[in-house]
Amino acid sequence: GNSVTQMEGPVTLSEEAFLTINCTYTATGYPSLFWYVQYPGEGLQLLLKATKADDKGSNKGFEATYRKETTSFHLEKGSVQVSDSAVYFCALLSGYSTLTFGKGTMLLVSP
Amino acid sequence: GAVVSQHPSWVICKSGTSVKIECRSLDFQATTMFWYRQFPKQSLMLMATSNEGSKATYEQGVEKDKFLINHASLTLSTLTVTSAHPEDSSFYICSASSESLWLEQYFGPGTRLTVT
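Going down the list, the sequences are from chains A and B.
Residue 58 in the working numbering sits at position 58 of the first sequence, and the numbers go up by one each step.
Residue 195 in the working numbering sits at position 84 of the second sequence, and the numbers go up by one each step.
Treat the hints loosely; a few may be bogus.
[What the hints assert, rightly or not] Derived lysine-lysine pairs resembling DSS-like cross-links, with alpha carbons at most 25 Å apart: (1) Lys152/B <-> Lys77/A; (2) Lys60/A <-> Lys49/A; (3) Lys152/B <-> Lys49/A; (4) Lys103/A <-> Lys152/B; (5) Lys177/B <-> Lys131/B; (6) Lys177/B <-> Lys166/B; (7) Lys52/A <-> Lys77/A; (8) Lys49/A <-> Lys103/A; (9) Lys49/A <-> Lys68/A.
[Claimed, not checked] Simulated coverage check for chain B against chain A, where a stretch passes if three residues somewhere in it have a Cβ under 8 Å from a Cβ of chain A: (10) 172-180; (11) 217-225.
Keep in mind the hints are simulated off the structure, nothing from the lab.
No residue lacks a Cβ here, since even glycine has one placed at the ideal position from N, Cα and C.
Could you build the full structure based on these sequences and the hints that come with them?
Listed below in C-alpha cells is the structure:
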C-alpha cells in the first residue's frame, strides 16, 4: 500500500536559518506529491506539489523536488521566518486513491 | 479559485445532542468530498469519502450510524455527528475534489467540535 514517512518534530530554528523537512514515500505507480501547511487552528493549505519525477514544486520560498530514485520529496527553504511556524504535511496521491498523509512535522521559528 | 468553506468554524454542544457541519465548494463542482478528523498534534484521519448522489464510503472503524454524511449536491456535503459524546470532540476537516481539477483535493478551514 501507499505510505508517507516524514521526520518527526518539532523542528526548532532561528529566523533566517535554512530549513529541511525530510519526506520519503512508498507507492504503486507514479504518484503526485504534495506539501500542505497547517497554521494553528486552521485547515490545510496546499503549499506546493509535483506530479512527475524531477519536477520541482515551489511557493513562498519553499521548494521540493520529486526524486523517484530515492522516493523522496524533501521540503526546503533558504531563510525561514517566524510566520512560517506551522505544521507541515507531506502527502501523496496515486491514481484514483485517496490522499495518504505523513504524520506532520511541526516547525517552530524563533526571532 | 477552488475554495472550500465549512460552517460552523466552531461549535459547542451538549452530550447526547446532534450537530451538523456543512462543507461547500464555492467555485467548482465537487464530484467527491472527503471528511477527516484530526486529533491534537496528530495527522488527519480519513473518515469517509462521498460522491454526489450516492452513499458515503466509510473507513474501517468509523461508525456510519454515528457520523452521517450526505452529499446531496455537487457543492454541498454535510457531516452530522449524532448523539455526540465528549470523545467526539475533535477538529473536523473536509476536502473536495473534481475530475476537472485533476482530482486534487482542496481543503476547508476545519470545524472545531467540543462536546460538553
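We went through each hint and held it up to the structure:
1. With a CA separation close to 23 Å, the supplied pair Lys152/B and Lys77/A stays within the 25 Å bound.
2. With a C-alpha separation of about 13 Å, the suggested pairing of Lys60/A with Lys49/A holds against the 25 Å cut-off.
3. Our distance criterion of 25 Å between C-alpha atoms is met by Lys152/B and Lys49/A, whose separation comes to about 23 Å.
4. Between Lys103/A and Lys152/B the CA atoms are separated by roughly 9 Å; this keeps the pair inside 25 Å, and the hint holds.
5. Of the supplied pair hints, the one linking Lys177/B and Lys131/B holds, its CA atoms being roughly 12 Å apart against a limit of 25 Å.
6. Straight-line distance between C-alpha atoms of Lys177/B and Lys166/B comes to about 15 Å, which keeps the hinted pair within the 25 Å bound.
7. Distance restraint check for Lys52/A and Lys77/A: the Cα-Cα separation of roughly 21 Å lies within the 25 Å cut-off, and the hinted pair is therefore satisfied.
8. Taking the CA atoms of Lys49/A and Lys103/A, the gap is near 18 Å; set against the 25 Å cutoff, the hint holds.
9. Between Lys49/A and Lys68/A the alpha-carbon distance is near 14 Å, which keeps this suggested pair within the 25 Å criterion.
10. Against chain A, the stretch 172-180 of chain B contributes 0 residues with a C-beta closer than 8 Å to a partner C-beta. That does not satisfy the three-residue criterion, and the hint is violated.
11. Figure legend: the stretch 217-225 of chain B, annotated as covered by chain A; annotation consistent (6 residues with Cβ-Cβ distances under 8 Å, at least 3 required).
When the structure is compared with the earlier hints, a violation turns up for hint 10 alone.
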